[in-house]
Amino acid sequence: MSCEVGYPSRESFSPAVLNLPAQTVSREILCAERSSRSSQTGRITDRTFMNTGKPQKPVLTGQRFKTRKRAPGGTRIDDGDKTKVTEHCMFRTEENHPAVRSYAQVFNKLIRRYKYLEKAFEEEIKKLLLFLKAFTESEQTKLAMLTGILLANGTLLPPILTSLFSDNLVKEGISASFAVKMFKAWIAEKDANAVTSSLRKANLDKKLLELFPANKQNVEHFSKYFTDAGLKELSDFLHTQQSLGTRKELQKELQERLSQQCPIREIVVYVKEEMKKNDLQEQAVIGLLWSCLMNAVEWNKKEELVTEQALKHLKHYAPLLAVFSTQGQSELVLLLKIQEYCYDNIHFMKSFSKIVVLFYKADVLSEEAILKWYKDAHAAKGKSVFLEQMKKFVEWLHNAEEESESETEDD
1 MSCEVGYPSR ESFSPAVLNL PAQTVSREIL CAERSSRSSQ TGRITDRTFM NTGKPQKPVL
61 TGQRFKTRKR APGGTRIDDG DKTKVTEHCM FRTEENHPAV RSYAQVFNKL IRRYKYLEKA
121 FEEEIKKLLL FLKAFTESEQ TKLAMLTGIL LANGTLLPPI LTSLFSDNLV KEGISASFAV
181 KMFKAWIAEK DANAVTSSLR KANLDKKLLE LFPANKQNVE HFSKYFTDAG LKELSDFLHT
241 QQSLGTRKEL QKELQERLSQ QCPIREIVVY VKEEMKKNDL QEQAVIGLLW SCLMNAVEWN
301 KKEELVTEQA LKHLKHYAPL LAVFSTQGQS ELVLLLKIQE YCYDNIHFMK SFSKIVVLFY
361 KADVLSEEAI LKWYKDAHAA KGKSVFLEQM KKFVEWLHNA EEESESETED D
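Numbering (full-length UniProt numbering), first residue to last: 1 to 411.
None of these hints come from the bench; they were simulated from the model. Note that the coordinates shown come from a computational prediction; the quantities given were computed from them, not determined experimentally. Please note that a few of the clues may not be correct.
As the list claims (entries may be wrong) - Listed below are the simulated SDA-like cross-link pairs for lysine to any residue, each with C-alpha atoms no more than 20 Å apart in a straight line:
id : residue 1 : residue 2
1  : K302      : K354
2  : K126      : E87
3  : K133      : R112
4  : K350      : A379
5  : K337      : R247
6  : K224      : K252
7  : K383      : L371
8  : K350      : K361
Said to hold, decoys possible - FRET-style restraints, in silico, Cβ to Cβ:
id : residue 1 : residue 2 : range
9  : K392      : K312      : 50 to 58 Å
10 : K392      : K372      : 16 to 24 Å
11 : K392      : A194      : 44 to 52 Å
12 : K171      : E266      : 22 to 30 Å
13 : K301      : P158      : 40 to 48 Å
14 : G154      : K232      : 40 to 48 Å
15 : Q327      : T136      : 52 to 60 Å
Backbone N, C-alpha and C define an ideal beta-carbon position, used for all residues, glycine too.
Using the sequences and the hints, build the whole thing.
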C-alpha cells in the first residue's frame with residue numbers, strides 16, 4: 001500500500017521540522033509525498049509526480065491515504081512493478097533497528113504535528129497487518145520492527161494487534177513470527193515490564209495463545225517458542241497470567257464446595273488434582289484455602305463472640321489445611337495470611353494467638369515455623385500487637401524444646 005499526504009504549506013514539512021532530509025517515504029507502507037494546498041477556488045500551486053509519470057490528484061486540505069489495488073486474497077496487482085515504488089521506502093531500508101527507527105520517527109513527528117492523521121494512520125496499519133501474506137519475509141520483519149517501535153512510543157496503541165489473530169495468518173504461522181519480531185523491537189525501545197503492562201491494559205494478555213493454531217494453543221508450546229526466540233520475559237509473563245487465572249478458578253470452585261459443605265475428603269482430592277494438572281505449588285494453595293475458609297462464614301460483629309466462632313470453624317477444617325501445609329515455606333505463608341487477616345479485620349485482632357495455638361495443636365503449624373515467624377519472618381502489619389500476644393506461647397515452646405533436649409541427654 002502506498003499513501004500520500006498533503007500539508008497546509010511547504011514550510012510545515014521542512015527538513016528543519018523533522019530533522020531529516022526533505023524526502024518522500026513510500027511504497028507499501030505509509031509514505032508521505034509533498035503537495036501544497038491550493039486555494040478554495042481549486043488553483044494548484046504544486047503537483048507531485050510519482051514514478052508512473054502521471055500527475056497526482058491535488059490535495060486541497062488535510063491529507064489523503066491511497067491504498068493500492070489488490071487481487072482477491074490480498075496479493076498485490078502491481079507486485080514487481082518498480083515504477084510503482086518510490087525511491088525512499090521503508091521496505092527498501094536496511095533490516096536493522098536503527099534504520100527502521102528513522103522511519104518511525106518520521107511518522108511519529110508527523111502525527112504529533114498533525115493529530116488528524118492519527119486515526120487514518122492507525123486504520124492503515126490494521127490493514128497492513130491483515131494482509132501480511134502479501135509481503136516478503138524481509139518486508140514482514142521490517143513492518144514488525146516498525147510496529148513495535150511505534151507501539152513503544154505511543155504512536156500506535158496495542159488494540160491494533162487484534163489483526164494478528166486473523167485465522168489465515170495464524171494457520172500459516174505468520175502471526176507468531178511477526179509477534180516475536182515486533183515484541184523484540186518494542187522491548188528494545190522500552191522494557192519487558194512496559195510491554196506486559198500495555199498488554200494487560202488492552203486485555204490482550206489473555207489472548208497471546210491465540211497467536212498459534214488451535215492444536216498448539218498451550219502454555220508449553222508458547223513458552224518454548226518465545227524462549228527459543230529470546231523472549232523469556234514474555235514466556236514468564238504468560239506463565240504468571242495463566243497461574244493467576246487458574247488460581248481464580250480454583251478459588252471460585254473451592255468457595256462453591258465450602259458453601260455446599262462438601263466432605264473434606266472430596267475437597268482434598270479435588271485440590272490435589274488441580275495442583276497436578278496446573279502445576280500449582282503448595283505455597284499458593286494454602287493461601288487460597290485460608291482465604292476461602294474465612295470468606296465462607298458471616299462473622300459475628302462482636303469481638304468477644306467472633307473468636308469462639310472462628311476457632312470452632314477453623315478446628316473443623318484444620319485437617320484440610322494440614323494436608324497442604326507439609327512444607328516450612330507453606331506454614332510461613334499461612335502464618336502471614338493469618339496475621340494479615342487479623343490486622344485487616346479489627347474484630348480478629350485478639351484472635352491471632354488463639355488461632356495459631358489451635359493450628360499448632362492440630363499439626364497444621366510446626367514449632368519451627370512459629371519460632372521462625374516470631375524471630376524474623378513476620379510482616380509489619382500489627383507486628384507489635386501480635387508479637388506481644390505470642391510472647392508467652394513462644395517462651396513455652398523454647399522451654400519445651402530445652403526440656404526435650406535435656407531428656408535426650410539423660411537417656
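Hint consistency between K302 and K354 [alpha-carbon to alpha-carbon, up to 20 Å]: holds (17 Å)
20 Å Cα cutoff - pair K383, L371: holds (14 Å)
Given pair status - A379, K350, alpha carbons within 20 Å: Holds, at roughly 17 Å.
Holds or violated: K133 to R112, with C-alpha atoms at most 20 Å apart: Violated - the C-alpha atoms of R112 and K133 are around 30 Å apart, more than 20 Å.
Whether the CB-CB distance between K392 and K312 falls inside 50 to 58 Å: The hint (50 to 58 Å, Cβ to Cβ) is violated, given that K392 and K312 are roughly 23 Å apart.
20 Å limit on alpha-carbon distance, applied to hinted pair K126 and E87: Between K126 and E87 the Cα gap is close to 24 Å, so the pair fails against 20 Å, i.e. violated.
Distance restraint evaluation - K301, P158, Cβ atoms, bounds 40 to 48 Å: holds (46 Å)
Restraint status (C-alpha distance of K337 to R247 at most 20 Å): Holds, because 16 Å separates the two Cα atoms, which is no more than 20 Å.
K392 versus A194 beta-carbon gap, inside 44 to 52 Å or not: holds (51 Å)
Range hint 40 to 48 Å (beta carbons of G154 and K232) holds or violated: About 26 Å separates the Cβ atoms of G154 and K232, which means 40 to 48 Å is violated.
Distance restraint between K224 and K252, which requires alpha-carbon spacing of 20 Å or less: The hint is violated at about 30 Å.
E266 and K171 - C-beta distance against the hinted 22 to 30 Å: violated (42 Å)
The earlier numbered hints that this structure contradicts are 2, 3, 6, 9, 12 and 14.
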